[in-house]
Amino acid sequence: MKLKDYLKERFSCLLINFIGFFSLVCILLLLDIKGNVIFSILILWFFPLMSYILIEYMKAKKHYNHMEGLLESLDEKYLLSEIMQKPTCLEEKLFYEILRICNKSMHEHVNEYKNLQLEYREYIETWVHEIKTPIASSMLIIENNKSEGMDNIGQEIKKIDGFVEQALYYARSSHVSQDYLIKKFDLVKVINHTIRRNAKDFIHKKIDLQLDEINEEVYSDIKWVQFILHQIISNAIKYMKEQDGKIKIYAKKNKNNVILIIEDNGIGISEKDLHKVFEKGYTGEHGRKYTASTGMGLYLCKKLCQKLGLAISITSQLGVGTKVNITFPLSKFHLES
Amino acid sequence: MKKIIIIEDTETIREELKIFLSKYGYEIDAPDQFENIIEYINRANADLILLDINLPVFDGYHICREVRKDSDIPIIIVTSRDSEVDELMSMNFGADDFITKPYNTQILLARIAAVLKRASKDQYRDVLMYHDLELNLSNGSINYKGKTEQLTKNELKILSCLIKNKGSIVSRDVLMEYLWNSNVFIDDNTLSVNVTRLRRKLEEIGIKDVIETRRGLGYMMP
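Residue numbers (numbering that gives the first Met the number 0), protein chains in the order written: chain A, 0 to 336; chain B, 0 to 221.
Quick caveat, the hints were computed from the structure, so don't treat them as lab data. A portion of the hints provided could be inaccurate.
Said to hold, decoys possible - Cross-link-like lysine-lysine pairs, in silico, DSS-like; alpha carbons within 30 Å at most:
hint	chain 1	residue 1	chain 2	residue 2
1	B	Lys146	A	Lys199
2	A	Lys275	A	Lys237
3	A	Lys145	B	Lys17
4	A	Lys113	A	Lys3
5	B	Lys116	A	Lys182
6	A	Lys158	B	Lys22
7	B	Lys146	A	Lys145
8	A	Lys204	B	Lys152
9	B	Lys17	A	Lys199
10	B	Lys116	A	Lys204
11	B	Lys152	A	Lys145
12	B	Lys152	A	Lys245
13	B	Lys1	A	Lys145
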């Protein structure tokens, strides 16, 4: 708050005083009063007025500076009305009341949306669990009535299952939720699980799997990591070249982390697309060429990795292949315990 | 014959599981009433329980806890809830294993076998028989009329898959899927090499031509 601006605000008050004083001076001059008397009247008139304005200015400045400081220190700015000092002067009291009412109404509004979102998330989760029952029964029926046609339906149902799973993790990913549990597990367990899950594709498409012996232990939520790995490996399979497909999985142990690397020799991602692959709904050229790309898989991977504190990065060359790195941090604390 | 109780309220799953598991040589008991389920379980005297969590009357956790009060019968929880927290809960209630829907049937079978094996270490011998050929799963050896030969992990898995499916042709793809499901990730060529080695080992202890190749179809043990 600048003094100039403050005075500008009081321009009308000052103007009236000046006009009043000017009229008085005119009258006094007509009455032939001496100059030093008029000067004294000027001092007597304006000294209290200016002092009052200055004092008020200083008070106001202090008050607003304090408020600004508070606001600065707050992460959630809307909490200001909760912690600011109760004002004493009338104008500010009224203003304070208005601020509180606005805040309250905003909170109600936000809560309404929060509840809506929570309900929606709960609905999605229940729905996912419900739809898994018919999927499970369909798979059993297929298993019990084996034929080529049934097998094809089975493949399609597996895809449905994959999409349903994506929906579930999407619902989970947008909340800091109680759904995850960090514990120690063998990295190879997750890898085996994902490979088993994609076994049919590996075998039928004759993809060469190079699996290094991986003996690392990491700390994370195994289910979420399984989901992430499944997205990456099924992507690698989806964007594989027609012939001589190859997927290589290995791990590197550093002092502070373990890096899991999934390398394929598929069609690759062009440089201009590469930085966008983690964006929501981004499918790129391949997505348009190959069916069944929703652009959700990698977006979810990135989001879940962030929640789990893992780093994920992709390097790729068009026509040569893609390499995905997932970094699991290992702190000293974990190593010792 | 091992007896399994399936406690599952979805009729389709219950019936299909019954068909599926019966095919693999288990005796199945699958109640469709859940009011007195705990008494039912205690009376049934089964070797294993496959237990769903979302059930009418009592939920699976409650049943699990109640059954554990006076029985050590193995319990495998089958559920569509799949988070680590759910798994932890099930284990805390005394379940032996936890499988999520929809399940890979081969893995379901493997888990059932593993839990049963753990539960009855003493009377259960890890041996598959094919005529006079003995396949010992626990130490990976084959035995025929006193002669013994050691098998590798891959050979062991291949032979056990063929014996389990004796009398019918096992296609290369099905055989490979079976191997992949038990964490043996071998490619087409390695499979051929392994089968050749397996045949040679079988010949060395005196069994000839027991694994037949059906060109274009797969392998078979008659």
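Going through the hints against the structure:
With a C-alpha separation of about 37 Å, the suggested pair lysine 146 (chain B) and lysine 199 (chain A) falls outside the 30 Å cut-off, and the hint is violated. A distance of roughly 19 Å separates the Cα atoms of lysine 275 (chain A) and lysine 237 (chain A); the hinted pair therefore holds under the 30 Å criterion. Taking the CA atoms of lysine 145 (chain A) and lysine 17 (chain B), the gap is near 16 Å; set against the 30 Å cutoff, the hint holds. A distance of roughly 45 Å separates the Cα atoms of lysine 113 (chain A) and lysine 3 (chain A); the hinted pair therefore is violated under the 30 Å criterion.
Taking the CA atoms of lysine 116 (chain B) and lysine 182 (chain A), the gap is near 27 Å; set against the 30 Å cutoff, the hint holds. Distance restraint check for lysine 158 (chain A) and lysine 22 (chain B): the Cα-Cα separation of roughly 27 Å lies within the 30 Å cut-off, and the hinted pair is therefore satisfied. In summary, the hint linking lysine 146 (chain B) to lysine 145 (chain A) is not supported, as the alpha carbons are separated by about 39 Å, beyond the 30 Å threshold. Taking the CA atoms of lysine 204 (chain A) and lysine 152 (chain B), the gap is near 25 Å; set against the 30 Å cutoff, the hint holds.
Distance check on the hinted pair: lysine 17 (chain B) and lysine 199 (chain A) sit about 25 Å apart at the alpha-carbon level, within 30 Å; holds. Only pairs whose Cα atoms come within 30 Å are accepted, and lysine 116 (chain B) paired with lysine 204 (chain A) is rejected, the gap being roughly 35 Å. For the given pair, lysine 152 (chain B) sits about 28 Å from lysine 145 (chain A) by alpha-carbon distance, which is consistent with the 30 Å threshold. Between the alpha carbons of lysine 152 (chain B) and lysine 245 (chain A) the distance comes to roughly 24 Å, so the proposed pair stays at or under 30 Å and holds.
This hinted pair checks out: lysine 1 (chain B) and lysine 145 (chain A) have alpha carbons roughly 25 Å apart, not beyond 30 Å.
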